[in-house]
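Chemist: So the protein lines, in turn, are chains V and S.
Here the first sequence stands for residues 94 to 341, where the numbers follow the working numbering.
Here the second sequence stands for residues 12 to 110, where the numbers follow the working numbering.
Just so you know, these hints were derived from the structure itself, not from any lab.
Please note that a few of the clues may not be correct.
Listing some non-contacts, in silico: residues in chain S with all C-beta distances to chain V over 10 Å [unchecked claim]: (1) 26; (2) 44; (3) 71; (4) 97; (5) 101; (6) 106.
With a Cα cut of at most 30 Å, we get these calculated DSS-like pairs of lysine-lysine [unchecked claim]: (7) S:41 x V:227; (8) V:227 x V:156; (9) V:156 x S:41; (10) S:41 x V:220.
Backbone N, C-alpha and C define an ideal beta-carbon position, used for all residues, glycine too.
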Amino acid sequence: MRILKREQDLVDTRMTTQTGLAHHFDDIEQQREAGTLGMWAFLVTEVMFFGGLFMAYILYRWKYPAEFAVASNSLNVTMGFINTLVLICSSLTMALAVYFSQIGNRRLITVFLLLTMALGTTFLVVKGFEYHEKYVEHHVPVRFPTYEFKWEAHAKEAASGHEATLFAVDTGKVEMFFWLYFAMTGVHALHMIIGLGILTTLVIMTRRGRFTPEYHSPVELSGLYWHFVDIVWIFLFPLLYLIGAHLH
Amino acid sequence: MREHIVSPKVYFAVFATLGVFTVVTWSVAKADLGILNVVVALTIAVIKATLVVLYFMHVRWSSRLTWVFVCAGFFWLAIMIALTLSDFTTRDWLTIASQ
Chain V
94 MRILKREQDL
104 VDTRMTTQTG
114 LAHHFDDIEQ
124 QREAGTLGMW
134 AFLVTEVMFF
144 GGLFMAYILY
154 RWKYPAEFAV
164 ASNSLNVTMG
174 FINTLVLICS
184 SLTMALAVYF
194 SQIGNRRLIT
204 VFLLLTMALG
214 TTFLVVKGFE
224 YHEKYVEHHV
234 PVRFPTYEFK
244 WEAHAKEAAS
254 GHEATLFAVD
264 TGKVEMFFWL
274 YFAMTGVHAL
284 HMIIGLGILT
294 TLVIMTRRGR
304 FTPEYHSPVE
314 LSGLYWHFVD
324 IVWIFLFPLL
334 YLIGAHLH
Chain S
12 MREHIVSPKV
22 YFAVFATLGV
32 FTVVTWSVAK
42 ADLGILNVVV
52 ALTIAVIKAT
62 LVVLYFMHVR
72 WSSRLTWVFV
82 CAGFFWLAIM
92 IALTLSDFTT
102 RDWLTIASQ
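Go ahead and model the full structure; you've got the sequences and the hints to work with.
Modeler: So this is what it looks like as structure tokens:
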């Protein structure tokens, strides 16, 4: 009897490794639903996490609209725009990776996961150039003996003699904008880096043939994460880069 | 509920729409519309985010329970923003009342 039981266990284990169904679920669809729901529960906590930063941004922008517009005007909008397009492209390639995992085309899952990673890396490289630009301009909101935040009337405004925006810009309030800029884009970039790690794992899992049209939840759920990070940027781009675009 | 497989055509259509909206939001931001600037920017951002949630994240075809989770998340975010602003925007009123 016991031997029979063990044989049955062995058969069960083999089936589990084939279909990817964990023993505590009735069937693969129940497992998939539970996974999606769990991922969304996590994403809701992420909404609240970024929500705190957006709340801080709303309050300070409401308090200091002029300084925020002027500070935003000094950001490199072209780089922000390119990065927005890069992220939208990466969301498309991620969605296509999920599609090919659903129809079971292992080669194309790998291709589109790698494309997504390439676009994600492009985003971070552009971000790196932007951060460097801010560093050189002394717009990083820190105070060290060797480096400190400085704000001079931006060259562009000074040249055009835009009096209205120059009149009384408080350096501390401008610094607050840059603090929020670095906190929000920094935490967003950290999420991108974690996303790249997740995608690397997915590529390895795909190469090992772990995904089938029946079981591909890791691809699907990582896709949800990647798209969420894209949504955060969809809000960051207009709120950080475009609020001073009307000043020249 | 069987898994709904979204056609790549839908993905490309959503992608094109997101791209167009990105260009529109930058173009509009260059014009000085006063308070309307922020209204237009946020409206476009909300539309883009909704498209990503519904199509890229498959929520359109997800279970009702997933809908509840998604809506609850954004509803609580709205509560946080609304209550915090109702505090900060009315703090000046107290000084007037005490005078």
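Chemist: If you draw a straight line from the CA of residue 41 of chain S to the CA of residue 227 of chain V, is it 30 Å or shorter?
Modeler: 22 Å, holds
Chemist: Far enough from chain V: is every CB of that chain over 10 Å from the CB of residue 106 of chain S?
Modeler: It holds; residue 106 of chain S is separated from chain V by about 16 Å at its closest Cβ, greater than 10 Å.
Chemist: With the threshold set at 30 Å, check whether the alpha-carbon distance from residue 156 of chain V to residue 41 of chain S stays at or below it.
Modeler: 22 Å, holds
Chemist: Is residue 26 of chain S truly not at the interface, in the sense that its beta carbon sits beyond 10 Å from all beta carbons of chain V?
Modeler: 4 Å, violated
Chemist: If you draw a straight line from the CA of residue 227 of chain V to the CA of residue 156 of chain V, is it 30 Å or shorter?
Modeler: It holds: about 24 Å lies between the C-alpha atoms, which stays within 30 Å.
Chemist: Do the alpha carbons of residue 41 of chain S and residue 220 of chain V lie within 30 Å of each other, as the hint requires?
Modeler: This hinted pair holds, its Cα atoms lying about 22 Å apart.
Chemist: Per the stated criterion, does the least C-beta distance between residue 44 of chain S and chain V lie above 10 Å, as a non-interface residue requires?
Modeler: 8 Å, violated
Chemist: Check the non-interface label on residue 101 of chain S: least C-beta distance to chain V beyond 10 Å or not.
Modeler: 12 Å, holds
Chemist: For residue 97 of chain S, is the shortest CB-to-CB distance to chain V above 10 Å, so the non-interface label stands?
Modeler: Check passes; 12 Å lies beyond 10 Å.
Chemist: Run the C-beta distances from residue 71 of chain S to all of chain V and say if the shortest one exceeds 10 Å.
Modeler: Since the minimum Cβ distance to chain V is about 13 Å, residue 71 of chain S lies beyond 10 Å and the statement holds.
In summary, the structure is inconsistent with hints 1, 2 from the numbered list given earlier, while agreeing with the others.
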